[in-house]
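Enquirer: Each chain, written out:
There are 2 protein chains.
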Amino acid sequence: MELHQLRYFCAVAEAGSFSRAAEQSHVSQPSLSQQIMKLEDELGARLFDRLGRSVRLTETGQTFLPRARAVLRELEAARGDVAEQKDSVGGTVTIGVIPTVAPYFLPERLTWFSRRFPQVRLTVVEEITPVLLDQVRASKVDLAILALPVRGHEFETFPLLSERFFAALPAGHKFAKRRSLSLKDLRADPFLLLRDGHCFRDNAVAACDRARLHPQIIFESGQFSSLLSMVGAGMGVSIVPEMAIEKKSRCRFVRIEDAAAARTVGAVVLRGRSLSRAHHAFLAHLHDSPASRRS
Amino acid sequence: MELHQLRYFCAVAEAGSFSRAAEQSHVSQPSLSQQIMKLEDELGARLFDRLGRSVRLTETGQTFLPRARAVLRELEAARGDVAEQKDSVGGTVTIGVIPTVAPYFLPERLTWFSRRFPQVRLTVVEEITPVLLDQVRASKVDLAILALPVRGHEFETFPLLSERFFAALPAGHKFAKRRSLSLKDLRADPFLLLRDGHCFRDNAVAACDRARLHPQIIFESGQFSSLLSMVGAGMGVSIVPEMAIEKKSRCRFVRIEDAAAARTVGAVVLRGRSLSRAHHAFLAHLHDSPASRRS
DNA sequence: TACGATAGATAGGCCATGCCTATAGGTCGT
DNA sequence: ACGACCTATAGGCATGGCCTATCTATCGTA
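In order, the protein sequence lines correspond to chains A and B. Going by numbering that gives the first Met the number 0, the first sequence opens with residue 0, and the numbers climb by one from there. Going by numbering that gives the first Met the number 0, the second sequence opens with residue 0, and the numbers climb by one from there.
Check before you lean on any hint, since a few could be wrong.
[Claimed, not checked] Stretch-level coverage of chain B by chain A, calculated; a stretch enters the list once three of its residues show a Cβ under 8 angstroms from a Cβ in chain A:
id, region
1, 49 to 55
2, 67 to 74
3, 110 to 120
4, 268 to 277
[What the hints assert, rightly or not] Keeping only pairs whose Cα atoms sit at most 20 angstroms apart, straight-line, the calculated EDC-like set for lysine to aspartate or glutamate is:
id, chain 1, residue 1, chain 2, residue 2
5, B, K85, A, D80
6, A, K37, B, E1
7, B, K183, B, E155
8, A, K183, A, E256
9, A, K37, B, D80
10, A, K85, B, E41
11, B, K85, A, D40
12, A, K139, B, D48
13, B, K139, A, E256
14, B, K183, B, D80
15, B, K37, A, D80
Everything labelled a hint here was simulated from the structure, so no lab data went into it. Glycine included, every Cβ here is placed at the ideal spot set by N, Cα and C.
Use the sequences and the hints to build the structure in full.
Expert: Take a look at the structure:
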């Protein structure tokens, strides 16, 4: 049973004649007759009564007609669905983001994007890098925002912004008024750092390693705001990325000169995945959105 | 877009692999790949993400999958419908019957058939012969029961029974006790006959013509029972077919010897029409039903 | 890092089958 | 009885689906 057979069948049923149906279907009458006969053979039942002058549906044909139409209708619905989806920016975009980026980078971009494309449903998950990468691999998240670089050439990356690290110092710290400092300068200070697992902790530790600094870590937390309030209370110093600077906190922020004291935040997608228009739009907006001009 | 493409698409979606889908679909992997690609081309959208190890539906593919399945499901439903109808005696049979046969011949046969095939819905229309033949031509009635022969070789006829005509005489008529008579014997009697249009009137008049009898018609009616009660009242004589004899009436019925005083009742269908099993069953039962043994 | 294994894409040839034209057979109307 | 119309049949052509062989890329393993 083939689709063109169903189309021919419906055409004959509507036209009441093989010849006219053939004409309307843009095939020759014999071709159409053949296909109808083939269909009848396969079904094991006649669909039309060929009465000299006119052609009429048999009882079987009458029950078959609505079903054949249903098949063709479903087919058009399928085609239409795809076509519609193709030129509309809609659907769902699931974004993964690491905790050290999420609260600073995303909110304004999300609202900006949502205002621009209200038909797109946004979902955000906040996880540490290895979890996010697994979810990208499994297509559970479409796009992850995290610190570059990432290992594995199954990923495609798009750098979004680079930022330097800043030392967070208590107000009375001796370097609190400096415009910048070197990590070595903090050799004597106790450190407050993010908990293990956060990539920014690794970034910070790596930068210290480069500076031959082996900080004494007296406090670990999962979020910068905890660290900063402890620093503000004078417990020690910390390192934060530029986007995590809280002007209103009791800390002073001084730029760290070391070359390694910087990170690049970027988007990661699974290489080879086809991205919907919504995905592309979101990626583009990560660059374009007015919020990004702030950095 | 072709059905096998949809089948392949669903197979890949289920198997999660082109190779396995090809195996399950009993085609080679390149053939299947080709068809999927062709489908994607036609839709203008990728349906699968080919990621080295595995194959996953794109967003478009995900919306297309249920629609493709719906098409195939509808197709199976269509096929099943026809198959089911093929080996079941069901549906509707519409019977046409002339008034001079309807009340005598049909009732017992209808109930007998309905008891035997309760799934078949019977519809009966009572009309005079030319109307019935038109309706057979238009397939408004599937089968007509009327007096043979009929003109037109677009019809196929099945004789059911032959019956002789009887004279209906008042109880005191001089031939009332005879076993039989000739139409000529009624030369002096006033006649009561069916109204024009009824084929039995034509039968009766034709028989009279043959007998060189030109009866004086003093009453016409659309039904035998009216004629018979008038005859019973002594108004004149009438002619009725055997099946219309009412034993309980005040008339006497005497067989008419004339060769032309007989009719054949039969079934008529449109030549070339395919008859359902229900049609065939009904036709067969017109011969077989116990009621027919009465004649 | 290199290798074999696995999976999908590509190339090229074969053959089924759908389409065509021409024509036959049958019915209808004149 | 003839011409007009409609469907079925016959025979040839070509599109296109399927095949095998091969290529390429990725993955797991040595």
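Enquirer: Tell me, which hint numbers fail for this structure?
Expert: 3, 5, 7, 13, 14
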